[in-house]
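S.K.: Let's have the full structure, built from the sequences with the hints guiding it.
Residue-level listing of the chains:
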Amino acid sequence: MATQQTQLLARTLLTPAVALLFIWMIVPLALTIYFATLHYNLLDPGSESFVGLENFRYFLTDPAFLASLQNTLVLVGSVLAITIILGVPLALLLDQQVVGLSIVRLMVIAPFFVMPTVSALVWKNLLMHPVSGLFAWIAHLFGLPAIDWFNDAPLFSVILIISWQWLPFATLILLTALQSLDEEQKEAAEMDGASAISTFIYITLPHLARPITVVILIETIFLLTVFAEIFVTTGGGPGLQTTNIAFLIYSQALIQYDVGSASAGGLVAVVLANIVAFFLVRIVGRNLEA
Amino acid sequence: MARMVTTRRKVISTAAAWLVGFLIFFPILWMVLASFKTELEAFAIPPSFLFFHWTTENYVTVQERSDYFHHALNSIIIAGGSTLIAMLIAIPAAWSMAFSPTKRTKDILLWMLSTKMMPPVGVLVPIYLIFRTVGLLDTRTGLVFILCLGNLPIVIWMLFTYFKEIPKDILEAARMDGATIGRELIYVLTPMAVPGLASTMLLNLILAWNEAFWTLNLSTLEAAPLTVFIASYSSPEGLFWAKLSAASTLAIAPILVLGWFS
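Those protein sequences? They're chains A and B, same order as listed. All residue numbers for the first sequence refer to our numbering, where the first residue is 1 and numbers rise by one. All residue numbers for the second sequence refer to our numbering, where the first residue is 1001 and numbers rise by one.
These aren't lab readings, by the way, just hints derived from the structure by calculation. Since we're looking at a predicted model, the values are computed, not measured. Among the hints, a few may not be true.
Straight-line alpha carbon distances no greater than 25 Å define the calculated DMTMM-like cross-link-like pairs of lysine to aspartate or glutamate that follow [said to hold, decoys possible]:
| no. | chain 1 | residue 1 | chain 2 | residue 2 |
| --- | --- | --- | --- | --- |
| 1 | B | K1106 | B | E1165 |
| 2 | B | K1010 | A | D192 |
| 3 | B | K1010 | A | D95 |
| 4 | B | K1010 | A | E187 |
| 5 | B | K1168 | B | E1222 |
| 6 | B | K1010 | A | E54 |
| 7 | B | K1164 | B | D1177 |
| 8 | B | K1010 | A | E183 |
| 9 | B | K1116 | A | E219 |
| 10 | B | K1106 | B | E1172 |
| 11 | B | K1010 | A | E184 |
| 12 | B | K1010 | A | D148 |
| 13 | B | K1106 | A | E219 |
| 14 | B | K1116 | B | D1138 |
| 15 | B | K1106 | B | D1169 |
| 16 | B | K1103 | B | E1165 |
Computed from the model, here is a short list of chain A residues facing chain B with C-beta under 7 Å [as the list claims (entries may be wrong)]:
| no. | residue |
| --- | --- |
| 17 | L31 |
| 18 | F35 |
| 19 | F169 |
| 20 | F227 |
| 21 | A246 |
C-beta atoms are modelled at their ideal positions from N, C-alpha and C, and glycine is treated no differently.
M.R.: Right, dumping it as structure tokens:
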């Protein structure tokens, strides 16, 4: 009797969350699908008409789509690679005996708290500016020509900024994992005469496999839809060089007011995210079981 | 001998860690320094690191020119409001899944997380049009609503993990002693769950404070939080770096302090 009551109560408590998320998922998605089949431009009201799959054909054959798909993949891949390749040694370093570790840790996690619009603008103007940015001055000290970051390597510049934002996250997750690593195992390996490098490769690295997959999973979710950093620095340019899928859809929807095509693009983005999620979940699932 | 090696190693790793930490932190430090310079000094080459004419004039200008406090208040209301509402919805849901799980609990959790996989751009168009129709564009209510829903899966998931670690025996003991569910929630569960609740709230506040897709697309002035306030500094008009730095410092200071000291 009591348990039945509890069950009923449990279900009642769960319902609001499930209902809200269900509506949040289904209503906009259904509308996106509906809009995607229409010719619908906000600048040209009253001209809505059913066009079938025309918007998809338009969106997918637009050269901008392939360019932005490529940019999206390069951006996600590079940021993942940079944050993990730098995050592992950094986590190892912070796992050592360091005087004043708590302060060092505060400095390292700080970029995570900085909002994307701020970090992008500060990097672009104070550090990477070709005339009076700090990087230009450092290059000048070494007698090198200053790099015009956002003109010569726009996508790389964006990648650099985003990597700086995500490095703390990767480092913290890896560091937490390192701290749970059994010290005795490492000591035993050292006793057996294992070099530092082979200890790292055979003991530490396998231990880090799981946290690395967690980093990949969470970062990918956020990196696939990077928007603000591009919005305030390059506006997708020069040309299409820093336009990712998210920015392309935004520009079609709110700059060109082409609701139909933007909706078709939105659905393409959803499908892409699902493909990526499918593979990620499989990889992560395998890693979590092993 | 062994001791010597340890000391030396400690010195080296300390030096390396401080150097790397400083490099990572440097952009923020540089920004704070620039905010106290005059525009001419902020632009000057070679740059001056500490020996410049310190001034707080930029902060005054930023407040006058773009009304920092208005946007800061928006940020507080939007981030705080969406976090509170998300917690109110998520606590009962996570409680129910953690303490009264059914066969489908795992599926429900995975499904909730999967809604987070949907990229926001995928639903930008309908949300924008719905907001325009019902007059929610550029309102704090609209942004609270969207950010709350966007973060709800993460909040539920985190709370679920925390609740799961609370031993069930204690609840059963309380029930044996005749505690009702309401009392059980207030007197037994809540005190044990406080650390988990606090860190969930903190993470959610940070995420909502820094959220820059929906805020940039759905607000312009009235409801614009600090993310949008900063974006308005993206088109340079003459020498403006010191002011940009002052505005940026103001925008990140609250959440940085909150994140550091908790």
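S.K.: Next step is simple, just say for each hint if it's right about the structure.
M.R.: Hints and how they fare:
no.	hint	in the structure
1	B/K1106 - B/E1165	16 Å, holds
2	B/K1010 - A/D192	24 Å, holds
3	B/K1010 - A/D95	11 Å, holds
4	B/K1010 - A/E187	18 Å, holds
5	B/K1168 - B/E1222	48 Å, violated
6	B/K1010 - A/E54	65 Å, violated
7	B/K1164 - B/D1177	22 Å, holds
8	B/K1010 - A/E183	17 Å, holds
9	B/K1116 - A/E219	13 Å, holds
10	B/K1106 - B/E1172	23 Å, holds
11	B/K1010 - A/E184	20 Å, holds
12	B/K1010 - A/D148	40 Å, violated
13	B/K1106 - A/E219	23 Å, holds
14	B/K1116 - B/D1138	24 Å, holds
15	B/K1106 - B/D1169	22 Å, holds
16	B/K1103 - B/E1165	19 Å, holds
17	L31	4 Å, holds
18	F35	6 Å, holds
19	F169	11 Å, violated
20	F227	5 Å, holds
21	A246	5 Å, holds
The structure is inconsistent with the numbered hints 5, 6, 12, 19, although it conforms to all the rest.
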